[in-house]
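Novice: Chains as they are written, first to last, in the numbering used here: chain A, -9 to 85; chain B, 1110 to 1637.
Please keep in mind that the hints were generated in silico from the structure rather than gathered at the bench. Glycine is no exception: its CB is placed at the ideal position from the N, C-alpha and C atoms.
SDA-like, lysine to any residue: derived pairs with alpha carbons at most 25 Å apart: (1) 1602/B / 81/A; (2) 2/A / 1621/B; (3) 1441/B / 28/A; (4) 80/A / 1493/B; (5) 1636/B / 1619/B; (6) 1636/B / 8/A; (7) 73/A / 1145/B; (8) 2/A / 1608/B; (9) 80/A / 1146/B; (10) 1636/B / 69/A; (11) 1441/B / 1321/B; (12) 73/A / 1158/B; (13) 1328/B / 29/A; (14) 1627/B / 3/A; (15) 1636/B / 54/A; (16) 2/A / 1632/B; (17) 2/A / 1387/B; (18) 1627/B / 71/A; (19) 2/A / 1622/B; (20) 73/A / 1630/B.
Here are the in silico distance ranges between beta carbons for each label pair: (21) 1276/B / 31/A: 35 to 45 Å; (22) 34/A / 1158/B: 32 to 42 Å; (23) 2/A / 1489/B: 40 to 50 Å; (24) 82/A / 1230/B: 14 to 24 Å; (25) 1603/B / -3/A: 20 to 30 Å; (26) 1500/B / 43/A: 44 to 54 Å; (27) 1620/B / 31/A: 41 to 51 Å; (28) 82/A / 1633/B: 17 to 27 Å; (29) 31/A / 1118/B: 32 to 42 Å.
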Amino acid sequence: MAKTYTPESAEKWGWEELVACIMSPVSYIFVSLGLVLVLLERPIGWVYLIGGIAATLVMYFVIDPKLRAVSDEYERRQAEFLKQVESVSKWEERK
Amino acid sequence: MEEFKVTFQFLDWFWTVAYLILMIGCGMLFYNLGKRSESDFFLAGRGLPWWLPATSVYATHTATDTPMWIGGVIYKQGLRGLWYTFFSLWCAISAFVSTRIFRRSLAMSMAEWQSLRYSGLGSEMLRGWLAGWQVFMNMFVLGWVGMAMGKVCHLVFGWDEWIGLVVFSSVCAIYVLSAGYWGVIMTDFQQGVIAFLVIIIVSVWAMMYAGGPHAIIDKLNQMDQAWRLNPFAFTGWTSGDFPILWFITMLVMAAVGGLGMGNFIDWYPEAQRIQSARTVRDAAYSIWAGGFLVLTRNALWAVAILAFFVLNPNITDVSRYEMGWYQMAFEKLPMGMVGFFFAAVLAIHFSTISSHLNLGASYFTRDLYHHYINPMATEQKLIWIARLSTFILLIGSFFMGSLMKDITSWLIFALWLQAAGIWLPSILQVVWWRFNAWGYLASWIANLGISWLIVWVLPAFNILPKDMPDYQQFWILMVLTFPIYILVTLFTKPDDEAHLVKYYVMTRPIGWWGPIHKKALAMGLIKE
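Excised from the complex, chain B in its bound form:
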């Protein structure tokens, strides 16, 4: 990959150092609030107005690798590439359905929700599994995003990649260790504002550098690339880079997925933000506005990448065109603004790192230590366990970062698998009273086995095509796993009725809850 030509002047260093002091200082300011209780360290006392978790949703999902990913799809696909980013559509439905139900459950984490929704051994197995999985996943995300920062620092300063990973994740950990979620949420707000401002500046600057909107359109026409301006430039029902069936699958999966809980990896950080909102209404608006900001940001990035494309139209190396947004900013912004841009890159980086450090620690502290090891732990002890687990996650992320090249394909497979086969069960557990813990566990296990068959084993024996598109794999997985978890659910006992009634009265879920509703009515716990 070509190196950027970046020169840092005094003003650039000033912006960078000033920003670091501001963030660490701001995080440290909330030290006293963060240490009050487990609820403060992980949920800021459950008292935040909607706009704080909303900016945190947006800031957390704006990571150092996000402009690389979005830059890659827009450079390759033009504006139709925006649809790849529309998986955030689940927030649009979730805000008014699953967010409301989850906020009412008051579960501190998605793993804890399993204990409230299900009963008996199955619920504990699910809680333990999800907690362990989330500690690992957060460590992985920290390593992944940290390595992306390492790459940026390598391109800008020529440092070895591990330096960017270790230095900036460690700086960020200072305020997470001190103030927990209070530090995360307060800095996320500032980071979100700074990042959004810079995304606007870079997009407008890039567009002007390419000659303005008309020049971009003229150049695309001259290059016979005008289709890049059409978000609906389909390539057929099933053929080409942008088939209609992929589009429909994506829209259905994203929008209907909003009825469920845990069907997307993004649900887990969102769940924490939902519970930190002060009311059900604040929780709903925080998720809605967070998703809205994410998509608005993507639109701004898309303009910058189109400008990059008309200036550099023949790049075939993915790793080069993925860096298009960074290149436009580092090379084209005027002296002094480069440091401001780098400060914004740090903001983007810190917001993601801090959220995942705190989130991973919450699963370890609340769901593994507090629930299984020491249920009677004092608040003071829990805060120290929270800090210890934050530190372990930080160290673990360095280890993950060093392994990233070896494990990435496996982990992407695991993430994809979660989106495919767990999608429907994650909705069923919200909308159907009879779906039980054993059914949900069965769906995870069935999904794992059948994913292996569909993705690797059957193509190896030429039973399925080797290049089967992912949306077709998605539907096959859905169909094949469905009878397994449905049969397991129907052949095992329903969850304890008294437990379900408590959950129902507390959350008032949507869907098929008739027998539980009647029981709650008969017990006088709700009115018709």
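Only chain A is shown next, with the shape it has when bound in the complex:
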């Protein structure tokens, strides 16, 4: 799953975000239902719980390399962007 992103490719929305956006709610729902059912000693709870944990892992391994790349690329320009935000707040942009 390891992949190297260029600054340009990291900025684009792609299949990684799609997978994360599908796996993430599945993880929330399955872990939550799984936990309550496991505590009540319902066997189906283990299916939900393991499914939820698997979805979480898939999500993490797909999206994390890209998130790291996006973060690294963005941080290089953050100081410049922050000045821009302050200038809007202080009305300097429109002078």
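Given chain A, work out where chain B should sit, using these hints.
Specialist: For chain B alone, coordinates are given in the frame of chain A:
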């Protein structure tokens, strides 16, 4: 409502006092960091690792009234009641879409984001409106949660309700006034850990007290209540307490809502946590993990409430069964642990109060004072305005608390209205370059008018049924408001192109941004 039978011994008081000293002391420790700048007072200098804002998301959304609300739906609905709490699902999508975009905007608040996304008079009107609305809403939440603490103190100690509101909100304000968001986030971490630990202890204890998992299931079977163990116990497509169409509406609204910004009231505290994270990646994980912890907590509460149900199955008074979790803890925990539990209740309370005191003050300071009144204010002056506005919010919350019974139904209507008619425009403003400030303003106004029609006026004239379910109202509102804000958007000028290009280069939003993308390419600001 029946009073609890709670007796505090020396050890219980010890836990309570020790906890208060720990929290205030911890908050005060960060006094010097909090006063460095506006960014420190409201965002802890934008440098936090993901797990700090994540525990803060979880702790903030674990308020004194939360176990009452969740206790109520689980007692009434069984495990299917868990779906009522799944509106947090928006965090699952938002973490990888709108959180990323918002973090990149660097806006200190959602109101400030309006100035970055939109241009001209419309953007300023939106910023002013959202800032004012948020100052008011935070004051309301402080009053609401404070009154819930007042009720708990009334049940435990027999105090008048206002005492619990005033005393514990004031104690909490000490460290918020001193250290701002630094105090909030550092205490939230400890409060989150303490609260989670106690929720686990009480849930396991309650389950054991009811005879263990098998005994709970056996009793439910004997009572012919086994459906309570099924999270998918639907009552038909549109009929009964748990219709399939409600379920679908809730899932769509929550999950797809994660693409937008500002479509849920919870977005506003989350926005502050997103900006306090040190990187885009940290921001994404903080929101994801915060939502995950909230849902895990709900699952633990659900077990305790099922145990409460089999022990007390015939309660019809909502105000009594809503207190089920508190009752299980205060009555069933052993001596000495009751004080530990009360300390955890204080943790739950403080985490919410501190967050909303600081959040409301941020809208007043950054968006009203700094932007409109004194754009050239020094950092020192801004910190004092931040403290003054925190104090005003505290006093205002006492006033709100005293009015709570009179205004609650109106405010719930306002909150519900925000979730319904603003839902789609809040997504459009993120994903569609052409959607402008006038369209978003029009959606707020149209929503207000049409909500009145659908909820009150048309049912009064028997044009719509009086007992129309809320999910049906949601879809009707969506359909009726849609043409209004779309037409307003299309008949008014697009936002200034140069302004949109700046926003695009900074945030790289998802969706339909083709013309702006091309312009940014042509200007050499981005590469294909």
